[in-house]
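Novice: One-letter residues, chain by chain:
2 protein chains.
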Amino acid sequence: MIKVVILGGGNLAFHLTNTMLKTSSINLVQVYNRSLSKIKYLKGKTLITNNIDELKDADIYIVSVSDNAISELTSKLVLKNKLVVHTSGAANITELQSNSRKGVFYPLQSFSKEKEINFKEVPFCLETENKLDFKLLKKISTLLGSNSYNINSEQRKKLHVAAVFVNNFVNHLYYLGNEICDENNIPFEILKPLIKETSNKIIDLQPFDAQTGPAIRKDSKTINKHLELLNENQQKIYSILTKSIIETYGKKL
Amino acid sequence: MIKVVILGGGNLAFHLTNTMLKTSSINLVQVYNRSLSKIKYLKGKTLITNNIDELKDADIYIVSVSDNAISELTSKLVLKNKLVVHTSGAANITELQSNSRKGVFYPLQSFSKEKEINFKEVPFCLETENKLDFKLLKKISTLLGSNSYNINSEQRKKLHVAAVFVNNFVNHLYYLGNEICDENNIPFEILKPLIKETSNKIIDLQPFDAQTGPAIRKDSKTINKHLELLNENQQKIYSILTKSIIETYGKKL
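Chains as they are written, first to last, in my numbering: chain A, 1 to 253; chain B, 1001 to 1253.
What you were told as hints is all true, and nothing was included just to trick you.
Okay, the calculated bits of chain A under chain B, using three or more residues with CB under 8 Å as the criterion:
(1) 150 to 158
(2) 165 to 178
(3) 190 to 199
(4) 217 to 229
Cβ pair distances, simulated, as ranges:
(5) B:1232 - A:143: 39 to 47 Å
(6) A:228 - B:1130: 25 to 33 Å
(7) B:1145 - A:185: 22 to 30 Å
(8) B:1200 - A:131: 33 to 41 Å
(9) B:1041 - A:22: 49 to 57 Å
(10) A:205 - B:1040: 24 to 32 Å
(11) A:239 - B:1080: 41 to 49 Å
(12) A:228 - B:1131: 30 to 38 Å
(13) A:68 - B:1232: 24 to 32 Å
(14) A:21 - B:1250: 37 to 45 Å
(15) B:1154 - A:239: 16 to 24 Å
Treat the hints as calculated values from the structure; they're not laboratory data.
By construction, the Cβ of each residue, glycine as well, lies at the ideal position given by its N, Cα and C atoms.
Using the sequences provided together with the hints, build the complete structure.
Specialist: Okay, structure coming up:
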């Protein structure tokens, strides 16, 4: 049994606790949060506390709080020779201020409280100071059903930005597509199969090879017609992405 | 039986012919293409021709050629009181030059010859001059297993641009994510579950409500850190999309 204490009450902590409670070979012994009301859903399932000095003994302490709280919270931990990890994509491993072994256990996925998470679809990026701790994090990932990768702090920061492109920015392009539909009384539904196919395509193909459309064909007639149909903000984004596509393939083809 | 003649030898014509040959209640009587070699896969399955004056009798003639060939090809058609439709997202219905009933049968999906298409995932945008022809196009869509929508030429042009945002541009953002990974020896694999989840999310949620990330939080500290990690082209795109997200939610929240 791997004994785990989780510190935090956000979306990720919520999903981690719920899944760990159902995972054999993992014993979630306690959950800490500054405010007890946010973790009261755990009453009767595991120990809960809002007193940082009353943490139970465990093999690993998973700190799942907002980036700017990691340093302050971990500076209060009095845990000798224990493994303390954070779950942030952007924070360096050195943000951990505890006098103990450090690590990172970063799940690269988008979490919301309303939607159940299948950890099979959550890759973990792991970083530790020593090999034994790495093995422990890898084992926990495996028990949760997740893939895991050895990613250091520098790589993790880059990965976090890459995630902004393929998640936050992609969603904003969906929004702009939706906006164009709304402005013209077109049901956004029509675009959903295309959206699905676009994301499915890159399971087998490299995005570089999956590119289609007027920009890669340098079809300036269509590009200009499109620009005429757009508002100022849509035009700016259309132009800069078209330029980037043309330059990408100008360079590499 | 609905008798169909298809004109064209591109990706869409390829998938349409293959599917129609397997569809009961549809009789693909003939396929025309300027070059016979591109449609020789149909030998023994249906009649093929490269002579535009030898078209067989049918209920509908589907012109699936590149946008700039529609006008010239259809001006050569001598078909009295027949329904002639094109399959283009960008071309007006008036591009059809034949002396016959006109329509549009535009499948909003991304096609490639290598990948089989399930027409259940292909919505058709329909436009006709009269109701009876609309009913025929709707019936063909239904026989193919597809949903269909009443979309006029103006709407269709807008929809085509919207499709560039959610397909071409989204794929380019995947490419940029992949580029950042490659530059830092990170397997792009790690991002694929997030990409899948991002497109799944908007099946139930509006893109407006699904937005997450530093831009919507106006988290300028993270935004500036991210910008430092990017090359010039990535920075430009990061900045303009971040600005667009901030303005979108500044306006509407």
